[in-house]
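For this one, chain Z is given, so just place chain E on it according to the hints.
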Amino acid sequence: MAIEFRDVTKYFGKKRVLENVSFTVEKGEVVGYVGLNGAGKTTTIRIGVGVLRPSSGDVLVEGYSVVREKRRASMHIGWVPEYPIFEQDFKALDYFVYLAGYYGISGGEARRLGRRLLEEVGLGDALDKKLAEYSQGMKKRFALAVSMINEPENYFFDEVLNGLDPQGIAFFRDLVLRLKRKGCAILFSSHILSEVENLADRVVFIHRGRIVAVHTMDEIKGMAKPALRIKVGRIDEGLMETLKSLGEPERKGRIIVLRNPSRSPDEILRILVEKGYPVEAMAPVEPSLEEVFFRIIGERR
Amino acid sequence: MLAPILYDFKRALLRPATLLALLLFVLGGAALSYLVYGTFINMYPQANLYAVAVASGNDTVAIHGIVYDAYGRPVDSATLKLVGGGDTVLAEIRVGGIFHVEVPLGKLKEASKIVVETGSGREEYRLLGPVSAIDKVGFMPLGAAGVSRSLAPGEGGVPEMEIAKLYFEAKMILVSMKSGESVLLIRAVNLTDPHSPPHVVLEYGFAEGGVVSGPREGETGSIHYRRLGVLDDYVAYYRIRVPGNASVLVIRYSGGNVSGEVSITYSFMIPVEAAYAGVVAGSTGISLFAQFFPIIFLYLANMLMAKPRGSGALEFILARPVTRWDIYVTRYSAGALIAVVAPLLFIAAMMATNKLLLGVTMNMDDALVLALGLMGAMTAFYTLSYMLAASIKPGRYLTVSILLYVVFALFWSAIALIVVMVLGAGYSALHDTTYAMAYFNPLGASSIASYLVQRDYGAVAEASTASPWLATLSTLLWITLCFTIGYFRFRSQD
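Top line first, the protein sequences correspond to chains Z and E.
Note that this note's numbering has the first sequence beginning at 1, numbered continuously upward.
Note that this note's numbering has the second sequence beginning at 1001, numbered continuously upward.
Same shape as in the complex, but just chain Z (with noise of 0.2 angstroms):
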């Protein structure tokens, strides 16, 4: 495995934030990290690439550890952190060098390779602007140029599409599966759950700082209940009342979601005609990681 958490715990003072947390990232697989806001998502991501120490357990990355192999395990390892942050007085393209220094390559060398990666995330046109003048979404994107400066082959994104306009979410969308397609481990934590379902292969839940529940996108598929959902032109009680009796009615506005039905779709058009509602159109629900992920969640609480 390329990516491998080992019983990491971590301490903030005398707060717990990470309990025993071990998963592994596989070689050519996207696996989306999910939690709540303070759930430990960030802090393991942290811990992974080495810039936090773990109280205790590993985190090994192509077999060596972060916290005793650290130079080492570096080498394999991009990062984009949710919020980046640089020495600001710097030019773009300056910094890149300077950061490539660590990787033994040398200046020329590094300032060809950076004018081609940033050109390659859409910063072609601000190589020389001071990193003080960028924007948080551009500052995502020089970080993922500097993540790709040694071409790793183990990636943590930390809430990388935060920030991003829609053609930055495209763009990342895009080196993910091409990354995935190189063979690459990327570890992605995102509040966005449509993009994680769009792109992990397994899904890691975090809850309180403990791993709730491992998933492959196809078990979390099938984990997801059925629902319908229907546009009833008039919703009052009785109409309520009937569906109760059909499953688990939600009211979202003029739509009514109908989470696990115990009849057939068809069935149920049937008995809400019957009963003389006018229904204006009915259809299943995709099954949604959301809803998975609240279960799990909520199971936990």
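Please keep in mind that the hints were generated in silico from the structure rather than gathered at the bench.
Possibly wrong hints are sitting among the right ones.
Unchecked claim - Here are some chain E residues the structure puts well away from chain Z; computed CB gaps all over 10 angstroms: (1) S1056; (2) K1081; (3) E1117; (4) H1199; (5) R1226; (6) A1246; (7) S1254; (8) G1424; (9) A1429; (10) M1437; (11) P1468.
Said to hold, decoys possible - Subject to a maximum C-alpha distance of 27 angstroms in a straight line, what follows is the list of computed DSSO-like cross-link-like pairs (lysine-lysine): (12) Z/K252 - Z/K231; (13) Z/K180 - Z/K221; (14) Z/K91 - E/K1307; (15) E/K1178 - E/K1355; (16) Z/K244 - Z/K225; (17) E/K1010 - Z/K129; (18) E/K1136 - E/K1171; (19) Z/K182 - Z/K27; (20) Z/K244 - Z/K221; (21) E/K1307 - Z/K129; (22) E/K1010 - Z/K130; (23) E/K1010 - Z/K91; (24) Z/K130 - E/K1307; (25) E/K1109 - E/K1081; (26) Z/K14 - E/K1393; (27) E/K1136 - E/K1113; (28) E/K1393 - Z/K15; (29) Z/K130 - Z/K91; (30) E/K1113 - E/K1081; (31) Z/K180 - Z/K27; (32) Z/K231 - Z/K221; (33) Z/K244 - Z/K275; (34) E/K1136 - E/K1165; (35) Z/K252 - Z/K221.
Note that the structure is predicted; figures quoted are calculated from it, not measured.
Idealized CB from N, CA, C, for every residue including glycine.
Just chain E, lined up with the frame of chain Z:
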């Protein structure tokens, strides 16, 4: 890992702020030089004239003299100006070394002063009597225009005149008490025939302290005379070495039907190099700058560690193939190397500018001691600042470091005074206490180095507590402890 470390160092060194810091040191060195120049030339003017005007007939007066610098060395190229009322230049003559020039008597009468200009100085002189007296007595010596000039250190010698036979005067410039290097200037006029230069044999010897005028003729006593040379000019210049165990130089002249002697008590003179070293290493010299240079290192520690640490920028760097140790060391090294290079630049700039302004500079040993002291002090203070930058809450760094700077650089002498008062040791103990307390100050190495240089020239009282070894040990301890504590605190932070 060496390449990134070197790269980080280069990056830190080539930052505008760092280059500015180095430039400040160079400018500081030059500024110190001007400070030294300003103070030093008040004691030892750069353009000096030792001359005598002799009647030469036909409405002209011959001026025989020598132009010399603060160290008594003849100046090759100088200008002599006869200046009248309203600073009108009546005559301008190029002279060099020992010179003999003829000036019109009328111009000399009109002149209110004689100005000597060299590449590094300008001084005013005048005849020590009315011009008309030249005709009567055949000659008139020249002296400094201001009263203070005539009392200038080194203006030794007691004019002794064998009436109607020989005017003879000697002046000694004590360059170094350590080496005994001195310059002896002599001016003499054969009064029986002022148109002809004197012709006498010169001898010199040394007497113990307490001898005011030297032994009388025929009573040579314990004085051992050595031949100085034959004086056959109006002005002469000799280099001699004076012993430290004597205090009076006696010069004996004889020839034809004249003989006599003059004595110069040199034990009270401040040697030129001591005056110079005293100014360079004293409280108005290097110590003054050593008080303000730490601000630069306080800033460097902020720029290299406190600021990026506080903003979180170090974390992004830490995700590279480096450890916390690497980051701590590379950033420390960048500042520490500046703490080493900057004092060298400072001293070098000061020496170069001194050479330019004064024609002299410090000897290498003293320069090395001062440079080492400054390096030690700056490195220790930088390490202390860096430790704070790497360990305390970044928002508090500037407050705490500035407070420590004020205590260590500005108020330490006052604290020493308070300690003396609290201990009831009396004011006389302040000197020793000040140096004893230097070991508890990261900047202490600089004051001990200044002391050592000044002590070497007798420019400061002996302090039993000032030890170069303890200063070295204390500086190393400051550096090692602060560096280690800083690292362990830096390593353990999240």
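Quick check: which numbered hints come out false for this structure? As far as the earlier hints go, not one is violated by this structure.
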